[in-house]
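Q: One line per chain: the protein sequences are A and B, in this order. For what it's worth, the numbering used here labels the leading residue of the first sequence as 51, then goes sequentially. For what it's worth, the numbering used here labels the leading residue of the second sequence as 11, then goes sequentially.
Simulated from the structure, these hints should not be mistaken for laboratory data. One should not assume that every hint holds.
Unchecked claim - Pairwise CB distance ranges (calculated):
no.: 1; chain 1: A; residue 1: 78; chain 2: B; residue 2: 64; range: 50 to 58 angstroms
no.: 2; chain 1: A; residue 1: 433; chain 2: B; residue 2: 49; range: 13 to 21 angstroms
no.: 3; chain 1: A; residue 1: 53; chain 2: B; residue 2: 108; range: 30 to 38 angstroms
no.: 4; chain 1: B; residue 1: 31; chain 2: A; residue 2: 434; range: 40 to 48 angstroms
no.: 5; chain 1: A; residue 1: 307; chain 2: B; residue 2: 49; range: 27 to 35 angstroms
no.: 6; chain 1: A; residue 1: 431; chain 2: B; residue 2: 108; range: 46 to 54 angstroms
no.: 7; chain 1: B; residue 1: 51; chain 2: A; residue 2: 439; range: 36 to 44 angstroms
no.: 8; chain 1: A; residue 1: 92; chain 2: B; residue 2: 163; range: 54 to 62 angstroms
no.: 9; chain 1: A; residue 1: 252; chain 2: B; residue 2: 97; range: 39 to 47 angstroms
no.: 10; chain 1: B; residue 1: 108; chain 2: A; residue 2: 239; range: 50 to 58 angstroms
no.: 11; chain 1: B; residue 1: 64; chain 2: A; residue 2: 433; range: 54 to 62 angstroms
no.: 12; chain 1: A; residue 1: 429; chain 2: B; residue 2: 60; range: 21 to 29 angstroms
no.: 13; chain 1: B; residue 1: 50; chain 2: A; residue 2: 433; range: 19 to 27 angstroms
no.: 14; chain 1: A; residue 1: 133; chain 2: B; residue 2: 115; range: 48 to 56 angstroms
Claimed, not checked - Simulated pairs of lysine-lysine, BS3-like, Cα-Cα distance not exceeding 27 angstroms:
no.: 15; chain 1: A; residue 1: 437; chain 2: B; residue 2: 49
no.: 16; chain 1: A; residue 1: 365; chain 2: A; residue 2: 185
no.: 17; chain 1: B; residue 1: 96; chain 2: A; residue 2: 185
no.: 18; chain 1: B; residue 1: 163; chain 2: A; residue 2: 365
no.: 19; chain 1: A; residue 1: 271; chain 2: A; residue 2: 365
no.: 20; chain 1: B; residue 1: 163; chain 2: B; residue 2: 96
no.: 21; chain 1: A; residue 1: 365; chain 2: B; residue 2: 166
no.: 22; chain 1: B; residue 1: 96; chain 2: A; residue 2: 137
no.: 23; chain 1: B; residue 1: 49; chain 2: A; residue 2: 185
no.: 24; chain 1: A; residue 1: 271; chain 2: A; residue 2: 137
no.: 25; chain 1: B; residue 1: 23; chain 2: B; residue 2: 49
no.: 26; chain 1: B; residue 1: 96; chain 2: B; residue 2: 49
All values derive from a computational prediction rather than experimental measurement. Beta carbons: idealized from backbone N, C-alpha and C, even for Gly.
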Amino acid sequence: MDHTALELIELGGVFFVLGVLGRLAGRIGLSPIPLYLLGGLCFGQGGLIPLAGIEDFTALASEIGVVLLLLLLGLEYSAAELFTGLKRSWMAGLLDIVLNAAPGAIVALILGWGPVGALVMAGVTYISSSGIIAKVLGDLGRLGNRETPVVLSILVFEDLVMALYLPILTAVLGGVSLLGGMKAVGISLLAITVVLVIALKFGRYVSAVVDSPDREVFLLKVLGAALLVAGIASAMQVSAAVGAFLLGIAISGSTAENATRMLEPLRDLFAAVFFVVFGLNTNPASIPPVLGWAVLLAVSTTLTKIGTGWWAARKQRVGRMGRARAGAALVARGEFSIVIAGLAVTAGAVEDELAALATAYVLLMAILGPVTARVVEPVARALQRTKRGNTTEPASARS
Amino acid sequence: MEVTPLPGIGVRKDFAIRSGRRVGVVTQRDGQIDLIVSKSDDPDACLASLPLTTDEAAALANLLGAPQLVAQLNEEHAELPGINTKQLPLRPGSPFDGRTLGDTALRSRTSVSVVAVMRAGQVHPSPTPDFTFTGGDILVTVGTSEGLEAAAKMLKHG
């Protein structure tokens with residue numbers, strides 16, 4: 051068959067199947083990300099049908115997917131919200147790092163993946179999925195709850211930590227020395243501070259440069275700016291994703307809203323490609339050996355996230371049910387963990403098992419997260435009742 | 011009134027009513043408004059989180075706003091033929107959002123008088139020409155039906 055024809059058929063098949071999977075996910079009320087990963091696992095390396103010929107396109111499309119994911123995340127936040135989140139939740143944020151990065155790092159060290167693997171797994175288990183959590187909170191009607199700002203502030207803190215973590219990770223994966231790593235951290239800290247200051251004081255001008263009343267012009271300008279900034283950031287060893295994130299923060303107001311609306315479909319498309327490609331490049335046969343570790347990580351990091359949320363909500367003087375809800379909401383992991391694992395795998399600096407462990411972990415957590423958020427209230431109430439039952443019937447005969 | 015920013019989602023504005031519950035709205039980025047009412051046994055949780063379209067929110071605001079004012083106007087003008095009262099919304103993003111009543115030149119252009127402005131349930135009667143509008147305001151207007159139609163169109167498109 052002709053070259054192009056085969057590639058078109060393969061690509062069309064991939065997109066169509068992704069669409070079907072997405073619809074299935076919507077029906078069940080799940081995020082589509084685990085299904086995209088599963089779809090990728092089924093095909094490609096070690097899967098049912100190897101897909102050849104579209105690697106160049108899908109590789110670039112994955113990169114664009116990550117850039118768009120981070121750009122839209124940045125567009126969601128204004129610089130003022132970032133500072134509010136930082137001020138309100140820095141203690142909870144630090145606790146979050148300690149409690150949730152540790153399990154991943156420990157397991158990586160036990161499995162003999164060294165400090166690089168530990169750094170990668172620490173990030174994978176640490177960061178909660180803002181996308182999944184926001185959707186779950188909306189679906190469950192908890193946007194007005196008093197513990198919700200606590201959850202959201204922690205997510206903001208995590209996203210800012212990512213902006214620091216990703217350059218460090220990129221530098222470490224690139225095999226840079228300690229000094230080079232420090233230089234990368236220094237540049238990224240400088241870049242983040244500069245961008246935040248510009249966004250606060252001169253946000254209007256940045257938005258004005260990119261803005262345009264003509265939709266086509268606007269789309270080209272925003273997308274072009276995002277890829278340019280991401281590319282330059284990548285060249286400066288500050289990861290491309292962070293560049294896109296900072297650009298998103300710098301753009302504000304109605305420009306940000308319009309850009310979000312316009313780029314969401316593109317982001318959905320390219321991010322889906324990113325997840326599928328990650329699954330495609332992961333050999334499903336490498337998952338069963340690490341499945342036990344994935345389950346262990348899932349259970350332990352669920353407990354640590356619930357603990358983080360509980361502590362943070364208690365600090366804001368939220369009641370016990372609210373604390374349980376806050377903790378349960380933070381459990382979901384998703385797109386970011388795969389982004390981190392994807393960076394590691396592309397750099398070729400880690401074993402294939404790490405990709406397998408990350409995939410299995412995210413599959414478990416992307417499902418466990420929303421489920422935990424949903425069942426936390428009945429479970430907490432049942433626990434309360436049993437506790438009260440035990441304490442109010444000390445002398446009555448047990449029948 | 012407690013205003014709590016929800017990073018990445020929008021803003022929550024609520025207040026405690028005498029019975030102890032909290033009532034308010036969550037305004038999301040995309041403009042969706044959710045009416046929230048807290049539970050009695052768990053004040054941190056929401057008993058109801060009802061999504062409202064802008065029309066529904068305006069209708070609710072009307073119900074809670076100053077229905078008596080409009081009813082009174084309708085009564086007083088019942089015998090005068092050709093004179094009507096209407097509540098015209100000024101949506102956020104309208105060309106007159108952020109500008110004054112004098113800028114609209116409603117009376118000279120459409121012969122319509124603005125007798126009051128309802129904002130977040132509060133009534134501002136007899137606005138002066140330097141009264142500044144914000145998105146979400148509802149103008150209580152009096153005029154002929156053609157004039158009111160023209161005024162409605164003006165407020166939307168300038």
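Q: Checking against the hints above, which ones are violated?
A: 1, 3, 4, 7, 10, 11, 14, 17, 18, 19, 21, 22, 24 and 26
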